[in-house]
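There are 4 protein chains.
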Amino acid sequence: MLSFLSRMPSLHPESRLLIVWEALIVLVTLYNCFTIPFRMAFNATISDNWFSLDGLADLILIIDIFLRFHIGYMKEGEVIKDKNQISQHYRNTDFKSNVIASLPLDTLVYLFLPKASLILIGLCRIPRLLRFPQCFLIFRKWENNVYFNSAVIRMFELFFIVFLIDHWIACLWFFIGNSTGQSGESWLQSNNLHLENTTTQYLYSFYWSITTLTTIGYGDITPQNNIELIFTFVVMFVGVSLYAFVIGNVAAVISNLDANKNRFRDKLGQVQAYMWERKIPPSLQKNVLDYYQYMWEYNRDVSLDFYLLDELPNSLKTKIYCYLYQELLSKVPIFQNAEPCFIEDLVMKLKPRILPPYDYVIREDQIGHEMYFVKRGQLQAFSEKTGKVYTVMMAGSFFGEIALLYDSRRTASVKTLTYCELFVLYKEDFDKVLENYPQFSAKVKEIAQQRYQMRD
Amino acid sequence: MLSFLSRMPSLHPESRLLIVWEALIVLVTLYNCFTIPFRMAFNATISDNWFSLDGLADLILIIDIFLRFHIGYMKEGEVIKDKNQISQHYRNTDFKSNVIASLPLDTLVYLFLPKASLILIGLCRIPRLLRFPQCFLIFRKWENNVYFNSAVIRMFELFFIVFLIDHWIACLWFFIGNSTGQSGESWLQSNNLHLENTTTQYLYSFYWSITTLTTIGYGDITPQNNIELIFTFVVMFVGVSLYAFVIGNVAAVISNLDANKNRFRDKLGQVQAYMWERKIPPSLQKNVLDYYQYMWEYNRDVSLDFYLLDELPNSLKTKIYCYLYQELLSKVPIFQNAEPCFIEDLVMKLKPRILPPYDYVIREDQIGHEMYFVKRGQLQAFSEKTGKVYTVMMAGSFFGEIALLYDSRRTASVKTLTYCELFVLYKEDFDKVLENYPQFSAKVKEIAQQRYQMRD
Amino acid sequence: MLSFLSRMPSLHPESRLLIVWEALIVLVTLYNCFTIPFRMAFNATISDNWFSLDGLADLILIIDIFLRFHIGYMKEGEVIKDKNQISQHYRNTDFKSNVIASLPLDTLVYLFLPKASLILIGLCRIPRLLRFPQCFLIFRKWENNVYFNSAVIRMFELFFIVFLIDHWIACLWFFIGNSTGQSGESWLQSNNLHLENTTTQYLYSFYWSITTLTTIGYGDITPQNNIELIFTFVVMFVGVSLYAFVIGNVAAVISNLDANKNRFRDKLGQVQAYMWERKIPPSLQKNVLDYYQYMWEYNRDVSLDFYLLDELPNSLKTKIYCYLYQELLSKVPIFQNAEPCFIEDLVMKLKPRILPPYDYVIREDQIGHEMYFVKRGQLQAFSEKTGKVYTVMMAGSFFGEIALLYDSRRTASVKTLTYCELFVLYKEDFDKVLENYPQFSAKVKEIAQQRYQMRD
Amino acid sequence: MLSFLSRMPSLHPESRLLIVWEALIVLVTLYNCFTIPFRMAFNATISDNWFSLDGLADLILIIDIFLRFHIGYMKEGEVIKDKNQISQHYRNTDFKSNVIASLPLDTLVYLFLPKASLILIGLCRIPRLLRFPQCFLIFRKWENNVYFNSAVIRMFELFFIVFLIDHWIACLWFFIGNSTGQSGESWLQSNNLHLENTTTQYLYSFYWSITTLTTIGYGDITPQNNIELIFTFVVMFVGVSLYAFVIGNVAAVISNLDANKNRFRDKLGQVQAYMWERKIPPSLQKNVLDYYQYMWEYNRDVSLDFYLLDELPNSLKTKIYCYLYQELLSKVPIFQNAEPCFIEDLVMKLKPRILPPYDYVIREDQIGHEMYFVKRGQLQAFSEKTGKVYTVMMAGSFFGEIALLYDSRRTASVKTLTYCELFVLYKEDFDKVLENYPQFSAKVKEIAQQRYQMRD
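Chains as they are written, first to last, in my numbering: chain A, 1 to 456; chain B, 457 to 912; chain C, 913 to 1368; chain D, 1369 to 1824.
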């Protein structure tokens, strides 16, 4: 196997195969975090096959050590896949703790002292818990994975923590009850649990642990001696705060899930309150609310666009804008033969505008300074004098492009028929981009002039 | 009835009639969500007329299916009322789940097996719960209704959720207690409730449920066997978090109710603290606090105006401003013959200004650049030299209009006598608007000149 | 007395005398809110003198009705003291409810049916509770009083609410226990409280109420029958949320008390974290932290100044600035003979600047454009070439005033010796103000020239 | 010793030696706050050596009084070390309360009445508690210490408060139980604790205290008489709110610990949600997330830089920028002979820019207006026409410096190979700085011209 491993190519740290393996590591660590304290506290195993399960878990951790020599790592945003570098990096970081975590002390004890108590075997397995911090690194990595929902990962992680806190306190609580119960009264005796089977004992320990941490405190199980009292203090002091803190984090994750929705709802509430106070007539109120409703359903929060993307470097911003809006521009005849660079620059200049039904976009005879692209909705181009409808425009249409070329009066009015999302391109911006493309500049004027004469 | 339905015109999705029907659907769903788990857990009914009530509830759901073919729906902000489109839209969305939810399995069982247990009938009615998500859509729709207070709807919705969580946990808790009680000790036995009547049993189940979820945890009813322990864990783990989350939402709704008030109170606190630290004399402090007080009572938060309305498209903004301020402008003689368009443009340029008593608005002999409209309060025009009072102006008055026409020195000082709300129109803005109305521009100058000569 | 009242002058609504009276009204209302439910639930009185106490309380309320015809009210920020207007205003608002609240039904019952139970008398006094909302108006008024700390008033108000909620629930709890106890087992019987004296019974009722509302839930007193169970549900459902909400408000008030301090601490934490991450040398870190420390101790949050005052109308802003900074300016010889108006305008142009020790303010031979006023700290004027120290300046000093008159090179360097607070007046701003005071403009130049020649 | 003290030099208030002494004072105060109430409530001591411990604690407080005459204090940001001033300052502030706190009343009682009860001795030591507020001043001082982590100090302080609240309530609870137990039933009797030893009694008192304050409320120890009931009300009313408030502060401190991390995580969540909604292709999503990841790992939150430092006075800002970036500039040949002043001014003009791999920084033949300094990452200078790679640049490199001198076309394209952090210096900013250094201005041009000819 070793020779196979040495010939194995190094893996990308974000390859999908690795995710399954990482899930396995998390599972094994969870198994160890669960069984080791349980075994030490209850002097019992969770299954008769515990020895095979232990062996399997240990094997996975050992394979992981070999595997880690073949998994690339990130350095300054780059993947390092060179085996020597990987090996050196691993040796300098987790290698030693991983090897210590995998020392088969428990197997040795079990083989040479077959009658050793489970407590001793549990003790020998304690180094396995060194793998615990690795779980959080894995969770962190999953959170940043493009294909995973980071909220789900985070919820799972917090659930994992809460469960382990509960479990550890339950194990300690039983351990204290059991130890102090031999020389006096303990919570086990006072609840007649000292003769019950392990399952019931564990359930009652866990029950006390969760009842206390959630501050429900039924009070059917209470500390009976001084050591139990002191342990109870610590759990109440530290545990309750910790629990509340973790649950607070869960609440934050849930409320972030629809933070946008809540912010929108708050804003709508303010708008409604404002309009009620000023006694705006209901029909106008309805128009305003409908507008916000439309905005929410089709755009979530447009303002986010600019806020979020502004932080990105230019090259990434361009790629995103191009993906979203390039199609709109490529349909315009005057841009058809343009270089891709030109279109990219132009895309960055588009500004969104959302209009309610029956709103004027441009008016006949006014001087225009911008052109429009229709992303969604229907518009009507018509003559205000004669009332004649020239055309109805849909998604993908564009109009007013002559305004980009020279100052001319609009030849028609354009009115929205439904809610419309438009993109505006101002002459000013167009000219700025055109400056950098002199050979294209001439061509554009020529095409536009043809088009202009056609319409007349 | 079918032929009547086919001839029935399609309803607007926001018609008032529909709201009553939607309330009925919510009621029926609440009935089902309440009775079905209750019947299955307690093997009992809430009333002797349960069969008629069930039938009535089912009938309403069936009628709803027919009705839904006649209720328009919103698409991209437009109402679709065409019956073919409605029918197709409904078929593609909720039709199937609504039909399944209305399958009369329970009636069939009841008719063919009159002695079937209530548990079986309850099981047959489970598909009714498919209607549950529809309730939230209805709540969502009501929240956006102009005539409803969204906070009340939201409170009702959250109460609805909290009650159902409590009820379901109560039913499950009794079911577990009853099942495990047959082969051993359960919470029912240990509290001597296994022989009580159903009402008392239900009340105690509900009592345990709410005591645990609110983390009060009296501890008079506690789990007595392993299955009850495990169920208790789940309720404590999930239920408590969920409950806290819902109650947190209720708190948010309540505190949003007077969020404005609270923000104002906070600001006032800051101002007070600031003035105390700088040892501003009490009389001046009082002036400042009075000003804020006035602002609050008559304007809530003026700054909201601009913040909220800025997001709206121009056409809606204009409508709101016109509704609020047009009256003020229409009284000014020089604007009397103006086109509505001109007034609309002008309204958008008004800027509010609130002044405390005895504050100068304009001073004699200074060159003016703006005119004022009085919205509330009293002002005095007087000569500073002679002390002669020319006139006292009230709501609806305006002054300084000559400043819009040419740069002239003010012919009088104007001082506030009470708190005043004014709107300012700057010459700059006026000129910008006037540019678009050349024929009116000439007329304005003429009228103003007449007025100016009159006063001298 | 009536004739005295009719001749009594009307009181200012914010006169100090009134505050004592309002405190009395709050006390009486608190007395009524406490005793009426208590009497009805426990069929007992809190004191043997209850009849005299009731009478006194009623008398105060009756006097208040007469008094209210003589207390002015605020309308649009103005005090209305005209008796006719006051009378009309009072009749239209609280008069009717106040009269109903004072109907002496209980006295009539007591006089004609001396053996009537206390419960009946309690019932007759229920209208007294109509005065309850008035308390909140009084609290609101006190919160806005310049001489009171609004946080203290708010705390008192919230304490008042919490106590009454607790008390009312306690009374209801006893009432239910007592009523149901006559026909079966109630919480009183099961805790052997039905034979105890009223004090103990009340304390246990209150104890249950507060134990439940705070979610502590000891569980020594639990509901024993269906009516008690249902009442417990309601308390848990509504009461617990309400209680948490009120306590949340208390927490908000407390944390607002030193909101500034907390915000400062947060910012300091960020700065510290930032500097640690960049590994800024400790001595430089210390300089930065010292600076923030100084800022905090002597200025709290300077940025507040501008943020808060910007909202005020000009006239109030000027008054505050004048109070704070006028003294600094009046010492400058060139401003000594200026009109107050001029100084007021100038004060508005001052800009604060805070400097650490050993920082240069102006440097020799550079061209100056501003003058400085020293508010706190010490500075040294010296020659960089010869090292000669010209003068040490303290609070109240000023320098660089020649820069306001003509562009000249600085004749000396000025360096801070300690932390210093300066105010800067830029030539630009000075010129703008001077424009409006032509006659003063000439004088200023003259004085300055004399001073300039003196120093050379 | 007094003569030694009088010759002792005065200490700096922030010297490290003092911190140890302050820790001792905190310890002594904690000792007093713990033992005095304990002794009075339990009529017992925590140790047999209590008299020596008391003596030691008192001695330390007395030495502190003498020492305080030699510890400088801060005034307006300056350290005052003059002994007369220190003495006067101390006399005016804490001297009196410190002397009263150290009065050896308890020793006198113990010496003259050796059989006096511990309660009396406890009473005599109550003035020691006057030192309590001093602890908070010490904590405040430590929080602002450059070498300490303010979050740790704050946590310790809050833990200190919570522990003392718990302890004091426990002592009072026992005291009440013990006093009322002599004339009737108390919580001690009903739990069979009145005959237990002091340790067990204290543990149970503390147990009740913490169980109640955390709202867990097991209910195994409950009030048994009216005085206990009333004390329980007060603890529930005030204590629970106080406890929740303090724990809330702890939560705030913890969540501030990684506030930056959380803010980053939230932003990442928003970006992810945004991209999912717009259906951006996964590979582009990955690029964007990688960019944010890089930003976080190497820069935390760059935007903080400018936000935080903007508030600082110029001199401190310059020092920080110089420390961070001066090295980059000093390598550039054209700046080598510049005055330090010039470099300092230039450093303030640098603007950071972070780029993803394979992004163009400058392009051949375009006219450049800025130069670049490489802080991290690799870049390639190459010819776009021939594809020839001129050079690979690393951290510490710089390019485009000719653009600072005259408008010239770039002679090569520069592309990032990895993530890169650059600093940009614009010609505009450079020229502005150069204006103030005329003699250097000539030299710069000369050097640059040589360099320019070399490359060609």
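No wet-lab data here; the hints were simulated from the structure. Just to be clear, a hint being listed does not mean it is correct.
If you anchor each label on the Cβ, the simulated ranges turn out as follows [as the list claims (entries may be wrong)]: (1) 336/A / 1732/D: 26 to 32 Å; (2) 1004/C / 873/B: 23 to 29 Å; (3) 1794/D / 846/B: 33 to 39 Å; (4) 718/B / 1634/D: 40 to 46 Å; (5) 297/A / 1677/D: 38 to 44 Å; (6) 297/A / 873/B: 46 to 52 Å; (7) 199/A / 715/B: 37 to 43 Å; (8) 1794/D / 136/A: 26 to 32 Å; (9) 1384/D / 199/A: 42 to 48 Å; (10) 112/A / 582/B: 44 to 50 Å; (11) 997/C / 738/B: 54 to 60 Å; (12) 773/B / 1756/D: 55 to 61 Å.
Source: prediction; values computed, not measured. In this text, a Cβ means the ideal position worked out from N, Cα and C, and glycines have one as well.
To see whether the hints hold, each was checked on the structure:
no.	hint	verdict
1	336/A / 1732/D: 26 to 32 Å	holds (28 Å)
2	1004/C / 873/B: 23 to 29 Å	holds (25 Å)
3	1794/D / 846/B: 33 to 39 Å	violated (59 Å)
4	718/B / 1634/D: 40 to 46 Å	violated (24 Å)
5	297/A / 1677/D: 38 to 44 Å	holds (43 Å)
6	297/A / 873/B: 46 to 52 Å	holds (51 Å)
7	199/A / 715/B: 37 to 43 Å	violated (51 Å)
8	1794/D / 136/A: 26 to 32 Å	violated (43 Å)
9	1384/D / 199/A: 42 to 48 Å	violated (58 Å)
10	112/A / 582/B: 44 to 50 Å	violated (59 Å)
11	997/C / 738/B: 54 to 60 Å	violated (28 Å)
12	773/B / 1756/D: 55 to 61 Å	holds (58 Å)
Hints 3, 4, 7, 8, 9, 10 and 11 from the earlier list are contradicted by this structure; the remaining hints agree with it.
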